[in-house]
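Once you've looked at the hints, dock chain G against the given chain L.
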Amino acid sequence: MKDSSAFQSKTLEEELLIKQSQRGDLEAAGLLIVRYQDRLYNTILKICSNPDDAAELAQETFVKALEKITDFKGKSSFYTWLFRIGVNLTLNFCKRRGRLSMHSIDASMGTEETDRASARLAGYLMCREKADPAGLAQDKEAREIVLKALGRLEEEQRVVLVLRDIEGLSYQEIAEILDIELGTVKSRISRARAGLRDLLEAVLA
Amino acid sequence: MNEQEREHVDSLIHGFLDGQLNERQQTELKRLAQHNPFIRKDLHALFRQKELLGFLPIEKAPNGLKEEVLARLERRLILSMESPRPSVRTGRFVLLVRWVSAAAAMVMLPLAILGLLVLQIVKPPEPKTVPVALTAPGQTAEPLQAGEGTASGEGPVLVLGTLTFLTEHPIPLNESIKKAVVAHKLLSSASSERFEDRAVYRIQCSQRQMLSLIQMLRPVWELSSKPQFVLAGGESPARTVVVEGIRPEQMEKLIRQSSPSRLQMTASHLERLNRRGLSDVAIRVPAEETGEGERILLPAEPRLAWEKEPTELPGGMTADGPAVVLVIEVRSPSEKK
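These protein sequence lines map, in sequence, to chains L and G. FYI, in our numbering the residues of the first sequence are 1 to 205. FYI, in our numbering the residues of the second sequence are 1 to 337.
Next up, chain L with everything else stripped away, as it sits in the complex (with noise of 0.2 Å):
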C-alpha cells in the first residue's frame, strides 16, 4: 500500500516535470534529467562500450528528448520513451563508427588477478561451484570479461540483452523502444542468452 502511494505520487511528480518542460520550464527539464541520467548513461555504456562515447550520446538524447518534449503524449512512461531515442540514437552511431572496436577478450588476460577471477567466473557460470554473484559482478576482473563478451555480441542482441537482463524492462517495454514485434524480442533475447554463454564458455573453458 505504501509502495503503491509511493509510486503514484512519483508518477504524479513525473508528469508535473513533463507538463513543465513542455512550457519551456528548464529547471523541470533539469529535475527530469538528474532523474534519469543515470539508468540512460548505464544502458547506453553497455551498448556501445566507451565512456566518453556513452556520455556524448546520453547528453545528446537528452537533448533531442527535451527539443521534442511537446511530442511526448504519454501513451508509453517517458522513460520508455526516452530509452527509445537513446537506443535508436546509439545504434545509429555504432553503424556509423563501424564494427566495435572490442579488444579481444584474452588480449588483457595473462595477469594473476585476471586469471584468478577467470577461474571463478567459469566455476559459477558453469555451474560447478557455488559463488556469490553480487561479489563477483564487483570483481573488477570478472566484469571486465563478461562486458567484453558482452560487447562482441551482434548489436541487436546486446541490446535486446542489456535492456532486459541489465535494465530489467520487460518484453512490451523493449518492443516499443525497438519498435519490433513482441516475438522478435523474445526470439533475440534466447538469441542473445545462448551467444553471450557460448563466448564466455569459449574464453573460460
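Derived from the structure by calculation, the hints contain no laboratory data. Keep in mind that the hints are not guaranteed to be accurate.
[As the list claims (entries may be wrong)] Derived DSBU-like pairs (lysine-lysine); straight-line CA-CA distance at most 35 Å:
id, chain 1, residue 1, chain 2, residue 2
1, L, K140, G, K41
2, G, K253, L, K140
3, L, K68, G, K60
4, L, K73, L, K95
5, L, K75, L, K19
6, L, K140, G, K66
7, L, K68, G, K66
8, L, K148, G, K41
9, G, K60, L, K73
10, L, K148, G, K66
11, L, K130, G, K30
12, L, K95, G, K60
13, G, K30, L, K64
14, L, K140, L, K95
15, G, K60, L, K148
16, G, K66, L, K19
17, L, K68, L, K140
18, L, K75, G, K66
19, G, K178, G, K253
20, L, K19, G, K60
21, G, K60, L, K130
22, L, K64, L, K75
23, L, K64, G, K185
24, L, K73, L, K19
25, L, K140, L, K130
26, L, K130, G, K41
27, L, K148, L, K95
28, G, K179, G, K253
29, L, K148, L, K64
30, L, K75, G, K30
31, G, K123, G, K185
32, L, K64, L, K19
33, G, K66, L, K95
Predicted model only: the values in this text are computed from it and were never measured.
Then chain G, alone, in the frame of chain L:
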C-alpha cells in the same frame, strides 16, 4: 531432440527466466529438467548468467551532464532563433531564378553606384540649413537638439517626447486615445502602429489642440498604474529625462512650454518632484494660518537666467500655438521594460 523440440525447450527456459510461463508450462519445464540433465544444466547456467548480469553495478553518469545538456539546449534555441530554416525548394526553377537574380544584381549594382557618382557631380550644391527651435518672442533661435524636430514643409515643431501608459486595460485606453484623436480631427496628422505587446500613437497638432486632447484623456490616467513621460536626449543620452508617475496637469504644463530648453528644464523639475514624492517636497500651511483653508506650497519652478518673457504660453492663449508632436505608447505590465 530435434530442432523443433529444442526451440520449444529454449522458449520454455527463457520464459522461465523472465517469469513468463504459466502453470502448465512451468510443470512441463520442471518435468523436462528432471528427466534431462542437459536441459537442467542449460537452465542453471543461463539462470546464473542472467543473475550475474543483473548484479553488474550501475555506472554513474559523468558529473555536469545536466548542465551540459541545458547549455546545449539554450545554444540550439538561440541558433534556431537567429538562423531561419533554409528553403528546401532547390528545384531547377528556383536555381534559375536565383541565377537570374544574381546576374541582375551584378549588372544593376555598378550602374547604381555610377548613377550616384554622376548625381553627386551634377547636383548643384544646396545651401546649408539649420533647423531652428521654437523660441519665446524676442529671443534668438537656437539650433535644434534634443526634443526638437521639423515637420516637412510646415516649419519647426516641438517634439515633446513619449508618454507611456502601463495598463492592464489596454483596450479601453486605446479606444479613449482613438476617440480623442477623432474628436480633435487629427486623423490626418496622427498615426498609430500596433505591435504584439504595445500600441504606439504619434500625434502632431497645435499646442492648443494637444492641451485639449490631454484634457480629454484625463480619465485615462485612472486606467494606468504608472504613467511615464520620457524626453529623449537626442545624441546625448545623459539629457534624457524620465518623469515617473506623471500627472495630467504636469503633462499640460509640459505642453505649454515654449522652447526645447524650457521643456527640458520643466521635465527635469517634474522628474525630481515626482521622484521625491509630493509629501516630501510640499509644505502644508494649515487653514488657521492662511485664513482661506489649507494650502500646499510646492518648490518654485526653475527659470532660465535670461528669461524675462513668460516662459509658459498662457492658459487662455488665443492663437493655436506652435506645432507639437507627442508619442503616446500603451503597454501591458508584463511587456514593460
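A quick look at each hint next to the structure:
This hinted pair checks out: K140 of chain L and K41 of chain G have alpha carbons roughly 27 Å apart, not beyond 35 Å. Between K253 of chain G and K140 of chain L the alpha-carbon distance is near 85 Å, which puts this suggested pair outside the 35 Å criterion. Taking the CA atoms of K68 of chain L and K60 of chain G, the gap is about 25 Å. The hint holds against a cut of 35 Å. Annotation: proposed proximity of K73 of chain L to K95 of chain L holds, straight-line Cα distance about 29 Å (limit 35 Å).
For the given pair, K75 of chain L sits about 14 Å from K19 of chain L by alpha-carbon distance, which is consistent with the 35 Å threshold. Taking the CA atoms of K140 of chain L and K66 of chain G, the gap is about 28 Å. The hint holds against a cut of 35 Å. Among the hinted pairs, K68 of chain L with K66 of chain G is consistent with the structure: their alpha-carbon atoms are about 17 Å apart, no more than 35 Å. Proposed proximity of K148 of chain L and K41 of chain G is supported: the alpha carbons are some 24 Å apart, at most 35 Å.
As the CA atoms of K60 of chain G and K73 of chain L are separated by approximately 29 Å, the hinted pair is consistent with the 35 Å bound. For the given pair, K148 of chain L sits about 29 Å from K66 of chain G by alpha-carbon distance, which is consistent with the 35 Å threshold. At roughly 22 Å between alpha-carbon atoms, K130 of chain L and K30 of chain G fall within 35 Å of each other, so this suggested pair holds. Annotation: proposed proximity of K95 of chain L to K60 of chain G holds, straight-line Cα distance about 25 Å (limit 35 Å).
In summary, the hint linking K30 of chain G to K64 of chain L is not supported, as the alpha carbons are separated by about 47 Å, beyond the 35 Å threshold. As the CA atoms of K140 of chain L and K95 of chain L are separated by approximately 29 Å, the hinted pair is consistent with the 35 Å bound. Restraint check for K60 of chain G and K148 of chain L: the C-alpha separation of about 19 Å stays at or below 35 Å, so the hint holds. A hinted pair counts as satisfied when its Cα atoms are at most 35 Å apart, and K66 of chain G with K19 of chain L qualifies at roughly 19 Å.
A threshold of 35 Å between alpha carbons decides the hint, and for K68 of chain L with K140 of chain L the separation of about 39 Å lies outside it, so the pair is violated. About 26 Å separates the Cα atoms of K75 of chain L and K66 of chain G, which keeps this hinted pair within 35 Å; it holds. This hinted pair checks out: K178 of chain G and K253 of chain G have alpha carbons roughly 23 Å apart, not beyond 35 Å. Of the supplied pair hints, the one linking K19 of chain L and K60 of chain G holds, its CA atoms being roughly 27 Å apart against a limit of 35 Å.
In summary, the hint linking K60 of chain G to K130 of chain L is supported, as the alpha carbons are separated by about 30 Å, within the 35 Å threshold. At roughly 18 Å between alpha-carbon atoms, K64 of chain L and K75 of chain L fall within 35 Å of each other, so this suggested pair holds. Restraint check for K64 of chain L and K185 of chain G: the C-alpha separation of about 57 Å exceeds 35 Å, so the hint is violated. Proposed proximity of K73 of chain L and K19 of chain L is supported: the alpha carbons are some 10 Å apart, at most 35 Å.
Restraint check for K140 of chain L and K130 of chain L: the C-alpha separation of about 19 Å stays at or below 35 Å, so the hint holds. The straight-line distance between the Cα atoms of K130 of chain L and K41 of chain G is roughly 14 Å, inside the 35 Å bound, and the hint therefore holds. For the suggested pair K148 of chain L and K95 of chain L, the alpha carbons sit about 18 Å apart, so the restraint of at most 35 Å is met. Taking the CA atoms of K179 of chain G and K253 of chain G, the gap is near 23 Å; set against the 35 Å cutoff, the hint holds.
With a CA separation close to 29 Å, the supplied pair K148 of chain L and K64 of chain L stays within the 35 Å bound. Taking the CA atoms of K75 of chain L and K30 of chain G, the gap is near 38 Å; set against the 35 Å cutoff, the hint is violated. For a cut-off of 35 Å, the pair hint linking K123 of chain G to K185 of chain G is broken: about 41 Å separates their Cα positions. The straight-line distance between the Cα atoms of K64 of chain L and K19 of chain L is roughly 17 Å, inside the 35 Å bound, and the hint therefore holds.
With a CA separation close to 27 Å, the supplied pair K66 of chain G and K95 of chain L stays within the 35 Å bound.
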